[in-house]
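*Asks:* Residues per chain, in single letters:
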Amino acid sequence: MGKTFVEKILGKWVGRTIHAGEYVEIFPHFCMSDDNVSDVINIFKMTGAQRIAYKERIVIVFDHAVPPPTEVHASKQDRVRKFVETNNLPHFYDLNSRGGICHQVMCQEGFILPGIIIVGSDSHTCTGGALGAFAAGIGRTDAAAIWATGKTWFLVPDTIRIDLKGNFQQGVYAKDLIIRIIGDLGASGAIYKAVEFHGTNELSISERMTICNMGIEMGAKTTICKPDDKVIQYISNRAKRDDWEVIWADTDAEYSAIYSYDLSEIRPGLACPHTVDNYATVSSMVGVAIDKAYIGTCTNSRIEDLRVCAQVLEGKKIKVRTIVQPASWDVYKNAMHEGLLDIFLDAGCVVAMPGCGPCMGIHGGILASGEVCISTSNRNFAGRMGSRDSYIYLASPATVAWSAVHGEIRDPMEVIK
Amino acid sequence: MRINGRVWKYGDDINTDVIFPGKYTFSVTDADRMVNHALEDLDERFRYEMRPGDIIVAGDNWGCGSSREQAVKCLKAIGVGAIIAKSFSRIYFRNAINVGLPVIICPQIVEYVEKGDFLEIDFVNGMIYFEEKKWAFKSLPTFLQSIIDDGGMLQYLKKVNKE
Numbered sequence: 018m019g020k021t022f023v024e025k026i027l028g029k030w031v032g033r034t035i036h037a038g039e040y041v042e043i044f045p046h047f048c049m050s051d052d053n054v055s056d057v058i059n060i061f062k063m064t065g066a067q068r069i070a071y072k073e074r075i076v077i078v079f080d081h082a083v084p085p086p087t088e089v090h091a092s093k094q095d096r097v098r099k100f101v102e103t104n105n106l107p108h109f110y111d112l113n114s115r116g117g118i119c120h121q122v123m124c125q126e127g128f129i130l131p132g133i134i135i136v137g138s139d140s141h142t143c144t145g146g147a148l149g150a151f152a153a154g155i156g157r158t159d160a161a162a163i164w165a166t167g168k169t170w171f172l173v174p175d176t177i178r179i180d181l182k183g184n185f186q187q188g189v190y191a192k193d194l195i196i197r198i199i200g201d202l203g204a205s206g207a208i209y210k211a212v213e214f215h216g217t218n219e220l221s222i223s224e225r226m227t228i229c230n231m232g233i234e235m236g237a238k239t240t241i242c243k244p245d246d247k248v249i250q251y252i253s254n255r256a257k258r259d260d261w262e263v264i265w266a267d268t269d270a271e272y273s274a275i276y277s278y279d280l281s282e283i284r285p286g287l288a289c290p291h292t293v294d295n296y297a298t299v300s301s302m303v304g305v306a307i308d309k310a311y312i313g314t315c316t317n318s319r320i321e322d323l324r325v326c327a328q329v330l331e332g333k334k335i336k337v338r339t340i341v342q343p344a345s346w347d348v349y350k351n352a353m354h355e356g357l358l359d360i361f362l363d364a365g366c367v368v369a370m371p372g373c374g375p376c377m378g379i380h381g382g383i384l385a386s387g388e389v390c391i392s393t394s395n396r397n398f399a400g401r402m403g404s405r406d407s408y409i410y411l412a413s414p415a416t417v418a419w420s421a422v423h424g425e426i427r428d429p430m431e432v433i434k
Numbered sequence: 026m027r028i029n030g031r032v033w034k035y036g037d038d039i040n041t042d043v044i045f046p047g048k049y050t051f052s053v054t055d056a057d058r059m060v061n062h063a064l065e066d067l068d069e070r071f072r073y074e075m076r077p078g079d080i081i082v083a084g085d086n087w088g089c090g091s092s093r094e095q096a097v098k099c100l101k102a103i104g105v106g107a108i109i110a111k112s113f114s115r116i117y118f119r120n121a122i123n124v125g126l127p128v129i130i131c132p133q134i135v136e137y138v139e140k141g142d143f144l145e146i147d148f149v150n151g152m153i154y155f156e157e158k159k160w161a162f163k164s165l166p167t168f169l170q171s172i173i174d175d176g177g178m179l180q181y182l183k184k185v186n187k188e
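The listed protein sequences correspond, in order, to chains Y and L. Residue 18 is where the first sequence starts when you use the working numbering, and the numbers rise one by one after that. Residue 26 is where the second sequence starts when you use the working numbering, and the numbers rise one by one after that.
Calculated directly from the structure, the hints in this document are not laboratory data. Check before you lean on any hint, since a few could be wrong.
[Stated by the list, open to error] Below 27 Å or equal to it, Euclidean Cα-Cα: the simulated BS3-like pairs (lysine-lysine) are:
hint: 1; chain 1: L; residue 1: K163; chain 2: Y; residue 2: K168
hint: 2; chain 1: L; residue 1: K159; chain 2: Y; residue 2: K99
hint: 3; chain 1: L; residue 1: K187; chain 2: Y; residue 2: K168
hint: 4; chain 1: L; residue 1: K184; chain 2: Y; residue 2: K72
hint: 5; chain 1: Y; residue 1: K62; chain 2: L; residue 2: K159
hint: 6; chain 1: Y; residue 1: K247; chain 2: Y; residue 2: K29
hint: 7; chain 1: Y; residue 1: K72; chain 2: L; residue 2: K187
hint: 8; chain 1: L; residue 1: K48; chain 2: Y; residue 2: K93
hint: 9; chain 1: Y; residue 1: K62; chain 2: L; residue 2: K163
hint: 10; chain 1: Y; residue 1: K25; chain 2: L; residue 2: K163
hint: 11; chain 1: L; residue 1: K187; chain 2: Y; residue 2: K62
hint: 12; chain 1: L; residue 1: K159; chain 2: Y; residue 2: K168
hint: 13; chain 1: Y; residue 1: K182; chain 2: Y; residue 2: K168
hint: 14; chain 1: L; residue 1: K183; chain 2: L; residue 2: K111
hint: 15; chain 1: Y; residue 1: K29; chain 2: Y; residue 2: K243
hint: 16; chain 1: Y; residue 1: K168; chain 2: Y; residue 2: K99
[Claimed, not checked] These stretches of chain Y come out as covered by chain L in the derived footprint (C-beta under 8 Å, 3 or more residues):
hint: 17; stretch: 35-46
hint: 18; stretch: 61-67
hint: 19; stretch: 379-387
From the three backbone atoms N, C-alpha and C, an ideal C-beta is built for every residue, glycine too.
For reference, chain Y alone in the conformation it holds in the complex (with noise of 0.2 Å):
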C-alpha cells in the first residue's frame, strides 16, 4: 500500500516509515509568530530556557494590528522590537514595505518551499499547502516549546483526497470552488485530517493559495496541492532553504475519503451568515441589500485577485463603502504599476494599507450593529468583524466587486464573460 503526502514527509523528516494514526516528534523548518508572538515570548521566558533553540528558523510577521491601533498594541509591539533586537533574531517583518500578510509574506519571502515542514502560531497557516510543503497552524504553548526545545510533535492524520478536473468558467474562481467545497463536507468534515488537492496544474498559485488558506475552515491540520513546474519557478530567486524537495502522495495512497469536482460546474457561491459551511449560490441571493464591501485578507488579496476586481470596477462608481486592502506592500507596489490602484480609486473605493484588521474586527473597518458586508475573507462568524448583530457573506473577488457596483448580492457571470 503507497503512502499519502503526510505519511511521506512526516516519515522523511522523521527518519522512518510512517502511517497515520502515529505520533512523531518533529524539527519544524520555520516556525511563524503574527502578533501573538508576545504571548510566545512570555510563555518562552516561562519555560526557563537560556536561548531560542534555531534563531533562524523563527519568522515573525506584523499583520493583525499595524501600525498599533492603541496604545496597548504599540507596546506590545514595542517589547516584540526589544526582545527580537536584544536576541538577534534574523527574520522579523515590522511594519515595513517587505510586510504584509504573515502567510503572503511567508509564500512571497520564500519561506514556504516544497516538502519541508511549516508551522505557525495562526490557524490560516495551512496556506503554505499550496507550494507543497506540511504547513500546520499551533497554538502559542506550542510554538513557546519549539523556541525552547526546535522540536514539536503531531499525530500523523488520515487524508481526504478531492480530485478536480476540468475548468472553470468564466466569472467563477478558486474561492468559489472552496466554500462549495466546505458547504459540501461541513465545517468540520476535515477534522484532524489531512486533505489533497489533485488536479491543481491548471490553478494559478494564488488560486491554490485561496483554496489551502480556507482548509481550516472544515477543520483541517493540513491542505496541500501537488507542487509542480508553477511552484518551482515561483520559488526560484526566493528559497530561504536550498533542501527542499517535491514531495507527493504515491497513487495507490490509503485516503479516509475520496472526492471529486468538475470544476466547470462549480458556480459563483456565498458562505451566508454566520457560518462557513452556510453555502449558497450567488445566483440564488441576487438582490441581498449590503451595506459594505471588503476586499482583503490572505485568502484573496494577492496582485490576481485585484486584476479581477479591477476588471470588473473599471468604470464603473460602487454603491456602498469598499475597502480594497492588498496582501502585501509587494502587492500593493504591482497594483500600484499596473494601474489597479488608479481604477479602485476612480470607482469610489478606498485603498488600505496591507494588514488583516477588518477581517476580524481589530481595526480599520469595523461593522456596525445590523450591517450587511460582503467580504473575500475567510470566516463570516457572528461578531467576528464588528457588532455581534452584523453579518457576513464571504465571496470571490469579483462577486465582491460587482456587488458593490450595485449594492446589493449580484452574480459576476453577469459582466465577466
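Guided by the hints, dock chain L onto chain Y, whose structure is given.
*Replies:* Here is chain L on its own, set in the frame of chain Y:
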C-alpha cells in the same frame, strides 16, 4: 499510571463555548476560578456533583470551536481524570496534551458505557476496564506521556531546562 472514576457522558460536537463560556475568556484566567464555570452551559450539575478522577466520555469532535485553553484547564483544575471520545477537535487535543489533561481516542467504548459507570484506565498499557469488559486504545508515545505526567508542556520544559 492508572486512574479510575465515574463516567459523565455527552454527545457529539461539544464546543468550547459550552465547556468554558467565551464571555469569561479574558476575565477568568486563574484555575481556581475557572472551575466555577466548567461545563456551565452543557451540564449545570457537573461542577457540583463530579468527584476528582471522574471521566468524561463523549462522541465525535469534542472541543470544537475556539482554541481557548481554559476549555481544557477548567476540566483539569476541577479534577477530571481523563476525557475519552470518538474523536477530538485538533486544537483541543493539542491543548489537552500541552496542559496535561489525558485525552483518549476510543470510539468502541462510547456507545457501551453510560453516565455513572465506573471505569479504570491503564495509560501505560493503553487499556480501559469496565466490569468484565476491556477496550484497548493507542497509548501515547513516551515523549508525550511524559508531558502529561509532568503536568503539561510548560512544567515539562521547566523541568527539562533545570536538568
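*Asks:* Does each hint fit the structure? Answer for all of them.
*Replies:* Hints, one by one, checked against the model:
In summary, the hint linking K163 of chain L to K168 of chain Y is supported, as the alpha carbons are separated by about 22 Å, within the 27 Å threshold. Between K159 of chain L and K99 of chain Y, the direct Cα distance comes to roughly 55 Å. Violation of the 27 Å bound is thereby established for this hinted pair. At roughly 18 Å between alpha-carbon atoms, K187 of chain L and K168 of chain Y fall within 27 Å of each other, so this suggested pair holds. For the given pair, K184 of chain L sits about 22 Å from K72 of chain Y by alpha-carbon distance, which is consistent with the 27 Å threshold.
With a C-alpha separation of about 43 Å, the suggested pair K62 of chain Y and K159 of chain L falls outside the 27 Å cut-off, and the hint is violated. Of the supplied pair hints, the one linking K247 of chain Y and K29 of chain Y holds, its CA atoms being roughly 24 Å apart against a limit of 27 Å. Between K72 of chain Y and K187 of chain L the alpha-carbon distance is near 21 Å, which keeps this suggested pair within the 27 Å criterion. Among the hinted pairs, K48 of chain L with K93 of chain Y is consistent with the structure: their alpha-carbon atoms are about 23 Å apart, no more than 27 Å.
Proposed proximity of K62 of chain Y and K163 of chain L is contradicted: the alpha carbons are some 34 Å apart, above 27 Å. With a C-alpha separation of about 22 Å, the suggested pairing of K25 of chain Y with K163 of chain L holds against the 27 Å cut-off. Straight-line distance between C-alpha atoms of K187 of chain L and K62 of chain Y comes to about 13 Å, which keeps the hinted pair within the 27 Å bound. A distance of roughly 35 Å separates the Cα atoms of K159 of chain L and K168 of chain Y; the hinted pair therefore is violated under the 27 Å criterion.
Between K182 of chain Y and K168 of chain Y, the direct Cα distance comes to roughly 38 Å. Violation of the 27 Å bound is thereby established for this hinted pair. In summary, the hint linking K183 of chain L to K111 of chain L is not supported, as the alpha carbons are separated by about 33 Å, beyond the 27 Å threshold. Note on K29 of chain Y and K243 of chain Y: the hinted pairing holds, with a Cα-Cα distance of about 17 Å set against a maximum of 27 Å. Only pairs whose Cα atoms come within 27 Å are accepted, and K168 of chain Y paired with K99 of chain Y is accepted, the gap being roughly 25 Å.
For the stretch 35-46 of chain Y, the stated coverage by chain L holds: 3 residues have a C-beta nearer than 8 Å to a C-beta of that chain, and at least 3 were required. Coverage of the stretch 61-67 of chain Y by chain L holds. Counting CB-CB distances below 8 Å, 5 residues qualify, and the rule asks for three or more. Given as covered by chain L, the stretch 379-387 of chain Y fails the check, having 0 residues with a CB less than 8 Å from a CB of that chain where 3 are the minimum.
When the structure is compared with the earlier hints, violations turn up for hints 2, 5, 9, 12, 13, 14, 19 and for no others.
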